[in-house]
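Fit chain B to the supplied structure of chain X, relying on the hints for placement.
2 protein chains.
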Amino acid sequence: MADQEARENPTPAAPPAAARPKRVSHRGRTAGAKVSSNQQEGKVEEFEPFMLLPRGPPPLKEFLDIWDVDVLKRPQEINKQGHHTHLYSSDFLIVRRTLEFQIKITFDRPYKPAEDKFAVEFVIGPSPQYSKGTYIPVFPSEERQSVWRGRIVETSDNVVTMGITTSPECIVGKYMIYIGVVTPYGIRRTRRDPSTDIYILFNPWSPADPVFLDDEEEREECVMNELGIIYHGAYDDVSERAWNYGQFEFGVLDACLFIMDKADMPLSNRGDVIKVTRVASAMLNSRDDDGVLVGNWSGDYTYGVPPTSWTGSVEILLDYAGSRGTPVCYAQCWVYAAVFNTFLRCLGIPGRVVTNFFSAHDNDGNLKMDIILDENGKLDRNRTKDSIWNYHCWNECFMARSDLPPGFGGWQVVDATPQETSDGMFRCGPASVAAVKHGQICYPFDAPFVFAEVNSDVIFYRRQKDGTLEVVKVNPTHVGRMVLTKAVLHDGRRDITDQYKFPEGSPEERRVLEKAEEFGCQREKASLPQSDVEVEIPTLDVRVGDNFDVTLQFKNHSDQRRTADVYVTGTVVYYTGVPSAEVVFKTPKSVKYDVDYMHKLVEQANIHFITTGKIKETGQIITAMKVITIHNPKLIVKVTGSPRVSEEMYVSVEFTNPFKFNLENVHLRMEGPGIMPFKRKQYSLIAPGTSITWTETFSPRRAGSTKLIASLDCAALRQVYGETELTIQQ
Amino acid sequence: MADQEARENPTPAAPPAAARPKRVSHRGRTAGAKVSSNQQEGKVEEFEPFMLLPRGPPPLKEFLDIWDVDVLKRPQEINKQGHHTHLYSSDFLIVRRTLEFQIKITFDRPYKPAEDKFAVEFVIGPSPQYSKGTYIPVFPSEERQSVWRGRIVETSDNVVTMGITTSPECIVGKYMIYIGVVTPYGIRRTRRDPSTDIYILFNPWSPADPVFLDDEEEREECVMNELGIIYHGAYDDVSERAWNYGQFEFGVLDACLFIMDKADMPLSNRGDVIKVTRVASAMLNSRDDDGVLVGNWSGDYTYGVPPTSWTGSVEILLDYAGSRGTPVCYAQCWVYAAVFNTFLRCLGIPGRVVTNFFSAHDNDGNLKMDIILDENGKLDRNRTKDSIWNYHCWNECFMARSDLPPGFGGWQVVDATPQETSDGMFRCGPASVAAVKHGQICYPFDAPFVFAEVNSDVIFYRRQKDGTLEVVKVNPTHVGRMVLTKAVLHDGRRDITDQYKFPEGSPEERRVLEKAEEFGCQREKASLPQSDVEVEIPTLDVRVGDNFDVTLQFKNHSDQRRTADVYVTGTVVYYTGVPSAEVVFKTPKSVKYDVDYMHKLVEQANIHFITTGKIKETGQIITAMKVITIHNPKLIVKVTGSPRVSEEMYVSVEFTNPFKFNLENVHLRMEGPGIMPFKRKQYSLIAPGTSITWTETFSPRRAGSTKLIASLDCAALRQVYGETELTIQQ
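Protein chains in written order, with the numbering used here: chain X, 1 to 730; chain B, 1001 to 1730.
In isolation and in its complexed conformation, chain X is listed as follows (with noise of 0.2 Å):
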């Protein structure tokens, strides 16, 4: 029933190895050790006297004693109701903040509450201390009570029920338990007993917790669904691919954990949902910190596993935790959003993947993405550096925000995608939603950068003859185009567009503008004569190995002949917006599969359409924009036996190389959230129209609605996707 602590000294500071020691003792500035760490412990003292004591032993026979702790974990009793945490795969007790949990504790004799006197004891990390929430004794008599509510539910012979009830303040993680007898010599307490160790996590359910979240569904979807849907490809032609969250896998909650004590972050802070997710948003990219995951979008992906081949979560954070903070390899936004989310809904905080379309980057948070087109209108790649990716995910997590005025809780955006050109931005977030689509970006932290993401305009310059620039044309609509996020709790898309902008073109959306210039943003405010001439490329939908015919679509707004000479470019780009490999047009023509485009795919095969030209008769410039995203195949996953928790199943995951060449050392990936754990399987050579079947068995864990997700990847083909959906009956 004490603060106790590890008694260290300052310890003297040890001469470094090298000659310009970067790291130095922090004796003398700081006191103690850092208490950052929910896996170690500090030493609990079983006997803590209250002063001298008597030579011999304590007479402590005459004083209660304890028998047993039971922390009723087991999957019929109390605690596994109402805090929904039945889904963790965990040995230990699992609750919620706020909301009571019981434990039994069977003393030696009858317990008299006039006499004895007893603490149930909390304590988390190396040094509690009762005033950082580190150390919290609950006392079972109304008349005495801590920051944390105790009250005696039932006694029965010896054993008493004990109800306690946390503080929605306090610290997430894992707890150890002690019971602390009061003593006229000093406090006699249990000895450690690890399965008597309990998780406190956030509590969506509860008004009290700043994470509370006043909708059912919504909090089934975003706290307790694992499986989600990511978006991509382009805001007029969407694909998406499954992701299995896995947030109740067994291991996750530890790796969840562990990437706060990685970060040094202080048990002191953890209780803090702003802070926690601010940690997290740095902590999962290896920029700086060693995080969680190393991005990379070179193409290169020897040394790893690709970031489109991923299927889930769980492996990554297994590898990470399970290699002691070894950043893996490798990843782009959706993988670092994905894992983000499964960090979110594991500690309970409503968390939710979101695709941005067109998403204005590395422009430091100005509000212009700058084109340069040559004298003749045609796009000057060289000179063209702002990259505009065709679209960006992040994630939105729930919570109120006390650090802000009303007005801004809600959903936040978080984004581990570490942001290169953004000085040292290698975190980001919490950004209130709300005050991103009121232009309210003068609040902490990063909104100005969230604002720039959807709201950017697009400048295009004609270059002169003497090297100035000139403003052609400025599109405002084209950056942020639509925001998506999965639905609640069916599989359909979701767009989330308004949450971030007023609609385009209204006086709300003009004010807005207004203010975040206000904040400093800067803006093109050239005003140019409408073009009377439009020009458009419409959508098509290709897939790969097909060829194509890109037209371009002419309005003429003018009651006279228009002459336009117009370029249109073609470039192969990474999702990132950045040109590949170049194919080149002048003006409309077909697209050959194997002539233009076979060859110079990179993994997420978009092709970039630019076209540009001039009106003779006017001077003015048109432009048009398009992305056209190849469609892959898709592998077709069957799943056959008898669908029910413990029978074995057998699953099989087909793939034809539709190509006129071999893909070489393909790798596949499964798992099936509650079904299967993840597994891989190599093909070193699949030749032209070849197919290939891999099987797999697998005996369902749970019962349920829950799918198998599958990705093929290789060096000439990636992002291959494929899911089937099963229920799993009891």
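Since the hints were made in silico from the structure, they are not lab data.
Simulated pairs of lysine-lysine, DSSO-like, Cα-Cα distance not exceeding 27 Å:
| hint | chain 1 | residue 1 | chain 2 | residue 2 |
| --- | --- | --- | --- | --- |
| 1 | X | 262 | B | 1262 |
| 2 | X | 634 | X | 679 |
| 3 | B | 1515 | X | 515 |
| 4 | X | 378 | B | 1043 |
| 5 | B | 1368 | B | 1525 |
| 6 | B | 1378 | X | 117 |
| 7 | X | 515 | B | 1437 |
| 8 | B | 1117 | B | 1104 |
| 9 | X | 525 | X | 465 |
| 10 | B | 1368 | X | 174 |
| 11 | B | 1112 | X | 465 |
| 12 | X | 174 | X | 262 |
| 13 | X | 515 | X | 437 |
| 14 | B | 1117 | B | 1043 |
For chain B alone, kept in the frame of chain X given last:
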């Protein structure tokens, strides 16, 4: 006259050396090289054709040719006036933003405005681009102007004098100049001539510049003064030391630009003072990013320079830049603040070093510092973990805050001292001082942290027999007792506490604290009965070697007899409040130098007395705290010779060992802005009672009032300073 760039193709991914590469190629991630170096230069073509040329060399001779470009940088020339850059020791032209400067161009024949088209081109960094502000052409004709204005000041024969006015948001750094002439075949430009490079700095004299400070005396102090005073010690016994900021010394400006290069800060952000100061707050310390200074509070400085030993910033900055970014050992808070101040003033940002006495630290931005007493009211050192720094130094810099609502411009706190337990917060600020004063801590950056440093309550808890804690006293006035900075243009102190806080106990103060609580700051709310007995420890003036008495003063506000059981604990502490060896007294007594503290003093000789006790009659707890600074001996610095520019003069530094033991490995340092670069001297032994005299010669480089500053340092005695003022005649 063109935005040239290094036309690099995205380089293919090099196979990583290690099996788990941390850094990978960014092909696919970003278009082109990252532009974050002021030192790299882009290739600028001497001839840039407009189109395909006819065979044979183009007949250029008929067009304007340039014989000479002169940037008028000699001392008496026009550009040295008005820009307030005459003190910089540099071979280059240095000007400030928005104020016109002139350059002289000599052509091969008289310039004909109607026919000849030319531009002065300013280029910064490896990939110049007009839309990023890294390529700026300046035109001589009224009709054609870019973001920087140009005009013909004078034409005489072949010579044209051109006036150039930079924009108020232009990038701060070192630019290259080219002159481009338009010919029908293309643009012909001058060769790279490093002698015409110019530095452009922030301009606090210009109302258009966000760093505008409308007070000539303040500008003279906070931009132009190379000499500073840094306050330390205790709030009721303030010590001071001189510091040579040396912002005009040769190489310092380049070192400051190098720091931003090393931070990988995009050039396009370097016109934004908010971003520049935020990046610098991270880069001045070596945590995470190989920044300038390694922090060390251990007392063991074997492998570097003890923090107390530095006398100025120049040596540190030149060492860092000279080693291409190897962190310099060692710093504590005032070293970080002093070097940061050099950085600010050097770039033209008004800056000052401030000292906060009793600064709450490492408490994660909550407003409680916990002190734990035992049942009897005696301090429990093992359970008291929070530390209150005797003093803490940070910086203020002056700027408009366009990113915030009106009212938060002006002085801003930036702090480069790494905060150990604030997760990942190895940068701090800029935080608006006005926002801190008004409790508006919802605005970036890091305002809650600064607010806590000056506003935390000290909470005394009594630890009960059963281990719980009871609040027995709250001291709301101890922390943030006084904030000092050097006075403007003279050597006195300036108390700026009222810029951070409303008067203690005022209604405004109460409102501010309530505001801060709304934004999530936690405060202790226990309402405690006013104790009718007060205790105080009076201030003492103690020199090292003195014996002294600690007395307690009691005030009994009741009309009854009161008896107290009182403990006094005297602890030798680091300035961070962290205890070293303990010197324990029970009840007031005499402190003997050789018995009690001689061998226990740490570098900044402070003894922290806490007295706590219990009134027998009422059970109330009384407490008082006092830091006694043991004053060290001083160095005597004497100057002889005629104080004129370039005349040889002599300086002697004298010291007598006042102790009864040898001082070993004694290091002395000395420097004087404008008159003497830093010098060192080592004595292997100074015997008890022995005096040493170190004599050096020097020749003042420029006229004016200045100082010679010296320090002495050895393991047994630190923080010994001396200085002398002198005025040099022309």
